[in-house]
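Position chain B against the provided structure of chain A, taking the given hints into account.
Chains A and B are the protein sequences, given in the same order.
For the first sequence, the working numbering begins at 150 and goes up steadily by one.
For the second sequence, the working numbering begins at -12 and goes up steadily by one.
To be clear, the hints were calculated from the coordinates, so they are not data collected in a lab.
Hints are not guaranteed to be accurate.
Below, simulated SDA-like cross-link-like pairs (lysine to any residue); rule was C-alpha separation at most 25 Å, straight line [to be verified]: (1) B:K(-8) with B:T85; (2) A:K213 with A:K250; (3) A:K190 with B:R94; (4) B:K25 with A:K204; (5) B:K91 with A:Y207; (6) A:K190 with B:K(-8); (7) B:K(-8) with A:R173; (8) A:K250 with B:L53; (9) B:K43 with A:A249; (10) A:K250 with B:I40; (11) A:K190 with A:E208; (12) A:K250 with A:Y207; (13) B:K58 with A:Q191; (14) B:K91 with A:K204; (15) A:K204 with A:K250; (16) A:K213 with A:F240.
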Amino acid sequence: GAVVSQHPSWVICKSGTSVKIECRSLDFQATTMFWYRQFPKQSLMLMATSNEGSKATYEQGVEKDKFLINHASLTLSTLTVTSAHPEDSSFYICSARVQAKGANVLTFGAGSRLTVL
Amino acid sequence: DQQVKQNSPSLSVQEGRISILNCDYTNSMFDYFLWYKKYPAEGPTFLISISSIKDKNEDGRFTVFLNKSAKHLSLHIVPSQPGDSAVYFCAASESGNTPLVFGKGTRLSVIA
Chain A
150 GAVVSQHPSW VICKSGTSVK IECRSLDFQA TTMFWYRQFP KQSLMLMATS NEGSKATYEQ
210 GVEKDKFLIN HASLTLSTLT VTSAHPEDSS FYICSARVQA KGANVLTFGA GSRLTVL
Chain B
-12 DQQVKQNSPS LSVQEGRISI LNCDYTNSMF DYFLWYKKYP AEGPTFLISI SSIKDKNEDG
48 RFTVFLNKSA KHLSLHIVPS QPGDSAVYFC AASESGNTPL VFGKGTRLSV IA
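Just chain A, with the same shape it has in the complex:
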């Protein structure tokens, strides 16, 4: 079945550094990918919609200059957390739409846990 691969699965970085998270669709092409963030015991919150070959669409309250999204190919979207701070520590998950069980559903990557010291 369709697989979304995310890398790295976890990363620890110092405050002020930038971290890049990659999201790949392994056996299908994804013109659109979605980036979510989950804080402990909270819901998955949509951060932005990544569109291949064009600018990402950010949700209200998400700083586009801080969370840089690049969707350069039909199988790769990247999220770069720039000048990371401890409050950016979270679980970041990407997803893409696939057909599964006769339905159009989001398939998620395994997630990337970011810890900013």
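Then chain B, alone, in the frame of chain A:
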């Protein structure tokens, strides 16, 4: 304002019994609903979905019921198994193509 609400943060059920997870929504434009299962440190995995033209969808041990007038849906798991222990997220969208809106999740513990 949370558009998708899962009011029970946790639920414990004995193995073999039925697990019922509930979800309420406020946006009447939602017409496509999904349930996801999530283990710690992993991404959510799709379980089952239902569109607003139906009131029930069944897949093996999992059944989703939709009550549009009450803006309520539920996921039934029967019989419950220890491997079902996870956090279950309810999600909704408009017309199946807009981004999903998730509830906060319900942690299900199935006790052997």
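Taking the hints in turn, this is what the structure says about them:
no.	hint	result
1	B:K(-8) with B:T85	holds, 18 Å
2	A:K213 with A:K250	violated, 35 Å
3	A:K190 with B:R94	holds, 10 Å
4	B:K25 with A:K204	violated, 30 Å
5	B:K91 with A:Y207	holds, 21 Å
6	A:K190 with B:K(-8)	holds, 14 Å
7	B:K(-8) with A:R173	violated, 31 Å
8	A:K250 with B:L53	holds, 18 Å
9	B:K43 with A:A249	holds, 18 Å
10	A:K250 with B:I40	holds, 17 Å
11	A:K190 with A:E208	holds, 21 Å
12	A:K250 with A:Y207	violated, 29 Å
13	B:K58 with A:Q191	holds, 22 Å
14	B:K91 with A:K204	violated, 29 Å
15	A:K204 with A:K250	violated, 31 Å
16	A:K213 with A:F240	holds, 18 Å
When held up to the earlier numbered hints, the structure conflicts with 2, 4, 7, 12, 14 and 15 and fits the remainder.
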